[in-house]
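One line per chain: the protein sequences are A and B, in this order. The first sequence: position 326 = 326 (this note's numbering), numbered continuously. Each position in the second sequence, counted from 1, maps to that position plus 504 in this note's numbering.
The reader is advised that the hints may include incorrect statements.
As the list claims (entries may be wrong) - Take a look, some chain A residues computed to stay more than 10 Å from chain B by CB distance: (1) A12; (2) S16; (3) S165; (4) A178; (5) W252; (6) V402; (7) L430.
Stated by the list, open to error - In the DMTMM-like style, the derived pairs of lysine to aspartate or glutamate whose C-alpha atoms are separated by at most 20 Å in a straight line are: (8) A:K137 x A:E351; (9) B:K634 x A:D354; (10) A:K137 x A:D2; (11) A:K137 x A:E3; (12) A:K429 x B:E669; (13) A:K137 x A:D354; (14) A:K141 x A:E351; (15) B:K577 x B:E587; (16) A:K429 x B:E584; (17) A:K429 x B:E587; (18) A:K429 x A:D225.
Simulated from the structure, these hints should not be mistaken for lab results. Glycine included, each C-beta is placed from N, C-alpha and C at the ideal position.
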Amino acid sequence: MDELNALMGGFAVALSFYHIMLMVIGITLGVIIGVLPGLGGANGVAILLPLTFTMAPTSAIILLTSIYWGALFGGAITSILFNIPGEPWSVATTFDGHPMAQNGKADEALVGAFTSSFVGAIFAVALITFLAPVVAKFALKFGPAEFFAVQFLTFASFIGMGRGSAFKTVASMCLGFALASVGLDNVTGTLRMTFGQDELLNGFKFLVAVIGLFGIGEILSSMEDGLKFNGAAAKLRMDAVIRTWKQLPRMWATFLRSCIVGCWMGITPGGATPASFMGYGIAKRLSKKGNNFGKGELEGVVAPETAAHAAGTAALLPMLTLGIPGSPTAAVLLGGLLIWGLQPGPLLFVEQPDFVWGLIASMYLGNVVGLVMVLTCVPFFAAILRVPFSIIAPAIVFICAVGAFTVNNAMFDVWLMLAFGVLGYLFNKLRYPLPPLVLAMVLGDQAESSFRQAMLVSQGNVGVFWSNWLCGGIMTLGLVMAFWPALTALKAKLAGNGPVPRAA
Amino acid sequence: MSTNEEAEGRPLASYRTLDIAVAIFFLVVCAIVVVDSLRIGISWKANEGPQPGLFPFYMAMAMGIASLVNLYKALPHSDEGAETAVNSVGLGRMAAIFVPAVIFVLATHFIGIYVSATIYIGAFMVFFGKFPLWKAATVSLGIAIVNFLMFEVWFLVPLPKGPLEAALGY
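The whole structure should be built from the sequences, with the hints applied where relevant.
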């Protein structure tokens, strides 16, 4: 019951007028970010991060996480009304959401999506409330070897659970590690890969990379597609809310399955996007109405939205307890913690209980505020898309440039942002996954130094990673994950004495 | 995404070409990292542990091997690879936003971010969006002024400024 007491303390922190106002502002900004192409959760938070440097950490994180919730909610609006996923994790929502809108049931689809987002998020926050302190307490005993094992598992999960080519995942991830190692080596003080350029002394700032890869990259893709918005106006009457809510309890099994899938994918860094596809896929297979999926079935909106939101929220659990973010946006928030002078990881729960529990309480409140706001303000948010793209596109480039500049007050970073933008466009086009790259840039230094510390302790014996059951277990699981695609390919080859798989 | 628009515009590059180009980009990065890692040492040093080049070296190795596989997979002709990835219309639209963006960043060095953003947004609206001049000027000035107030006045985050702001006393 310690958790409940601590949580109540957290509510006392979060429930002030100032903080509720920050939530409202954050969620409004977040939904706008989620609706607009080119601005997503990760780069939206990255751009606004510098504005919070002068705020108290608790207020700052409440503002930024609210933006994140808003972005998660906002992605659904464009998916359903315009068949344009505002965010990658709402692609699966278009499958049934847009057909529903075409059948004149846009209001039900929106209510269903928002409600299930809410349910998914609350499930994940409840999980964080009770699991996070346990994990944090447990992790206090971690040494460098254990930390490296967890980090290894994090990255191996990208390979094991990625949806695309495993080799592209590895290439993208290792590029992130290589970029992270540029600059001053924090163990020996050696300069690495700076080639005499002063600008590179501090290495590549991952915030700049996030803004470029996601922001500029997405603007380029949107421009290439010649994005034109033409969707129906959204009217949301209160009877639609009641009508939809009446249908939802019957889908409890779908909710539960998607919550579990989402939390799992969020904690291991699968992220919200694969979670939404998995949630949709599982519901399609197991639901009684599975055959109707794709034609406008409410359950087909509920399943991916619940999973995506649960994953997006659960991604904060490893960030808070271990300092390992479960998604790019969580990685940006982690960067924020470091800038505000807070060291994420197990000690955070001991040293900054007000901050941690204030944050957790604000997750409950933020999602309640968010649900109310999106239910009441859908027409307003949908109207944003009627702003011509020829205003939005250059304005977003401008805002991205501002965001990149403020990271370090350097024009060099703005140029880098443009370069990362081209890279982001190419990676998107060729299906190189971006989250492993971003996470490797964030965690590269940490992973490297825990590896080197562990090596130093053991005098270069790799056996240190299997010196106890915990570390060994995590490492072994990591290895299984890393070689999972190879294992499944091998299995398919051994079993496949029939037709040769086309991947040959 | 938009398969219906693929018909318009000359095809410029196939997925195969792009895949090969990106794989080669990775190999170049890999070579750079390997060369520098070897310079600073990749072996074990007594009392110091692994030398600073060790970790990047093996990361670059993994990246290199993965990119070789990607390259190998991209090389053979396949129907999937022959599909058009970029056509002239798409590239033109991208250039319409990107080339001015480069000029915008370059101009920021001289005239500050607010003035160059006003010109950038306004010019894009006129030439790409076909807005009348007065509308473009109003919108772009509005965006710049709102941002100026937000960053310079309310949040006190200094952005690059040029002669105009200096003349106004900032």
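Against the structure, the hints come out as follows:
Every Cβ of chain B is farther than 10 Å from the Cβ of A:A12; the closest lies at roughly 28 Å, confirming the non-interface assignment. Residue-level check passed: A:S16 sits 21 Å from the nearest beta carbon of chain B, beyond 10 Å. A Cβ of chain B approaches the Cβ of A:S165 within 10 Å, the least distance being about 7 Å, so the stated non-interface status is violated. With a least beta-carbon separation of about 5 Å from chain B, A:A178 fails to lie farther than 10 Å from that chain, contradicting its non-interface assignment.
Consistency note on A:W252: stated as away from chain B, and its beta-carbon is indeed over 10 Å from all of that chain's, at 35 Å minimum. Distance check for A:V402 against chain B: the nearest CB is about 6 Å away, which does not clear 10 Å, and the non-interface claim fails. Non-interface call for A:L430 relative to chain B: violated, since the shortest CB-CB distance, roughly 6 Å, does not exceed 10 Å. The straight-line distance between the Cα atoms of A:K137 and A:E351 is roughly 12 Å, inside the 20 Å bound, and the hint therefore holds.
Restraint check for B:K634 and A:D354: the C-alpha separation of about 53 Å exceeds 20 Å, so the hint is violated. The straight-line distance between the Cα atoms of A:K137 and A:D2 is roughly 13 Å, inside the 20 Å bound, and the hint therefore holds. Between A:K137 and A:E3, the direct Cα distance comes to roughly 12 Å. Compliance with the 20 Å bound is thereby established for this hinted pair. Between A:K429 and B:E669 the alpha-carbon distance is near 40 Å, which puts this suggested pair outside the 20 Å criterion.
With a CA separation close to 17 Å, the supplied pair A:K137 and A:D354 stays within the 20 Å bound. The straight-line distance between the Cα atoms of A:K141 and A:E351 is roughly 16 Å, inside the 20 Å bound, and the hint therefore holds. Between B:K577 and B:E587 the alpha-carbon distance is near 15 Å, which keeps this suggested pair within the 20 Å criterion. Between A:K429 and B:E584 the alpha-carbon distance is near 13 Å, which keeps this suggested pair within the 20 Å criterion.
In summary, the hint linking A:K429 to B:E587 is supported, as the alpha carbons are separated by about 12 Å, within the 20 Å threshold. Simply put, A:K429 and A:D225 have alpha-carbon atoms about 12 Å apart, close enough for the 20 Å limit, and the pair holds.
Hint compliance for this structure: hints 3, 4, 6, 7, 9 and 12 are not met, and every other hint is.
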